Amino acid sequence: MTNKFKATIVLTVFLLVPVFSLMAEPIPGSGQEGKIEDVIKKIYPSVVKVEVRNMIKKVATGVVIEKNGYIVTTALISPRDEKISVITSDGKKIDAEFLGMDSETHLALIQAKDKNLTPITVGNTKGLSPGSWIGVVSISPENMPAITQGIVSSLSQDWLRLNVWVVPGSSGSPVVDRNGHMVGLLRGTYSDDRPVVFEFREKQITGSGFIFSKAEAPSSGLALAVPIELVKYVSSEIKEKGKVERGWLGVRIGNNKDGNVEVIDVDKESPAELAKLKKGDIILKFEGKDIISNEMLVREIRKRKPGDSITLQVGRKGKTRDVEVRLGEHSERDVMLEMQYKFPKLFVPPEKLLKMPEMPKLMEPEKLEPKMFRMLVGKRKYIGVSLEEINKELSEYFGVKTGRGLLITQVGKDTPAEKAGLKVGDLIFKADGVRIENRRDLSKLIQDKEKGGRIKIEFLRDRKARSIEVEIEEEERSGAFRSYSKGWEDYVDYRDDYVDSWNSYSETIKKQYKEWKDFYELDYEKQMKKWNKELEKRARESENYTKELLKNLLRYKSVKV
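Residues 1 to 561 (our numbering) make up the sequence shown, in order.
Since the hints were derived computationally from the structure, they do not count as laboratory data.
Note that this is a predicted model, so its numbers are computed, not measured.
Some hints could be false.
[To be verified] Capping the alpha-carbon separation at 27 Å, the derived lysine-lysine pairs in DSS-like fashion look like this: (1) Lys-560 - Lys-317; (2) Lys-126 - Lys-303; (3) Lys-444 - Lys-419; (4) Lys-533 - Lys-517; (5) Lys-514 - Lys-530; (6) Lys-278 - Lys-305; (7) Lys-560 - Lys-305; (8) Lys-57 - Lys-464; (9) Lys-92 - Lys-232; (10) Lys-126 - Lys-41; (11) Lys-67 - Lys-42; (12) Lys-83 - Lys-57; (13) Lys-239 - Lys-560; (14) Lys-278 - Lys-560.
Construct the entire structure; sequences and hints are all you get.
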């Protein structure tokens, strides 16, 4: 194995980088110290990072399941105006298209524009049993290979319970066996059955960069995964039909005080209404099997296809009876509503998204253009860059270990900076060996140089430190007054005319300032207050909506089926 590949396997702190976890012993019976590294090397080219943006940035893992760029991931994305991209194991960023999702398994299928991605080797779950070794391979926030290893705790036709450490960003990762064959897809932590993803609130800073915020769900030592057989079925259905056809009964169910599955509500014109199910009915059996939980009934209904007939044993007012129901189809609208109920922070309804109200349009005050003279103040030295002072957090993101830096936002054409090789996005942190944190310090160093002299600039590019020497150039500051007098020595000859003109200009500026001040105080500030009030109202509405939704979920703990 090459040193380069070994170097990419990182160990770091919980919640910052997926950990090389040693929750289980090394692959049993392998007798080879490098067996796990071999598994990573085999699987990693098929693993991608999935990024979705729309108001928030969501990040998870995905795996190339078939040739032609088909990637299966967790259903944290939705068919709205979201920009989807994938980052491959070699750092290449590729746009992707949403093909469909399944609310039951929480899987989604996307397709990368680049069709030449490496599909993973698919295995099966037949050889798995409680205690079997498994590994979960993902991409760390630093775009490096990451693996956690553990064992199978239990398994069924519908899921794998894994004793493995799950960290943010790993939902959608392939679960592999000791041979490096995919046997499942990680869904999330078992404790709350939620996807483990990063959620970023985006804040634009000097044209680039993000504030990295909180993780959407906690880490856990027990996780759920979807068996590979079910992953293949869901992917095939979405690829062929754009969705997974699942049965729909048309009721909302919850557990009553006795622990029974009770009908809380019946949808109008639904299969349940046609079968004369009513609010308060107790669902006792499904096709002869005892119903012991809401989840069990949901699973049984969703396994069926639209048009299938099923038999329910229903209790009503102390009596039981069998009810035959012809199932309808679980619609895409219901899929989205269900995802919104399950993950209100990830699937906010479009009408509830906090949108910026339009900025009030203001009448511009009359523009005055008095004749203005600018005094000649000497010569100025420069290197030809525009700089932005950035905070410590963003400086650290760009690679500054301590303190702050200056971000280059513009490089002048044919300037010393351009000739020396400085580029937009470089972060300057030293000049002539002196720590630089603001524009003033750098400007002073440059102005103290002679024309033709050189200044050593130390900067970061792609988080790597570099240094170059830049030549100092000089220019004269000139303006309208220079066209009025050919040189500073001629100023005295025109002093009286200049003073009169300057006094007139000063009076005009004072008058204009007063007009602008009055205008903005009476109109602009009033409209800005109205705008801010509207913003606060929208924020409260969004917050209240989330609180109300969560309150209802906690109160009813109900699901639709």
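The hints, checked one at a time:
At most 27 Å may separate the alpha-carbon atoms for a hinted pair to count; Lys-560 and Lys-317 meet this at roughly 23 Å. For the given pair, Lys-126 sits about 21 Å from Lys-303 by alpha-carbon distance, which is consistent with the 27 Å threshold. Simply put, Lys-444 and Lys-419 have alpha-carbon atoms about 22 Å apart, close enough for the 27 Å limit, and the pair holds. Only pairs whose Cα atoms come within 27 Å are accepted, and Lys-533 paired with Lys-517 is accepted, the gap being roughly 22 Å.
This hinted pair checks out: Lys-514 and Lys-530 have alpha carbons roughly 24 Å apart, not beyond 27 Å. The hinted pair formed by Lys-278 and Lys-305 meets the criterion: a straight-line CA distance of about 23 Å does not exceed 27 Å. Our distance criterion of 27 Å between C-alpha atoms is met by Lys-560 and Lys-305, whose separation comes to about 16 Å. Annotation: proposed proximity of Lys-57 to Lys-464 holds, straight-line Cα distance about 26 Å (limit 27 Å).
Between Lys-92 and Lys-232, the direct Cα distance comes to roughly 26 Å. Compliance with the 27 Å bound is thereby established for this hinted pair. Taking the CA atoms of Lys-126 and Lys-41, the gap is about 24 Å. The hint holds against a cut of 27 Å. Restraint check for Lys-67 and Lys-42: the C-alpha separation of about 16 Å stays at or below 27 Å, so the hint holds. Restraint check: the Cα-Cα separation between Lys-83 and Lys-57 comes to about 10 Å, which is no more than 27 Å; the hinted pair holds.
Under the criterion of a C-alpha separation no larger than 27 Å, the hint pairing Lys-239 with Lys-560 is consistent with the structure, at around 26 Å. Of the pairs offered as hints, the one joining Lys-278 and Lys-560 holds, with about 14 Å between alpha carbons and a cut-off of 27 Å not exceeded.
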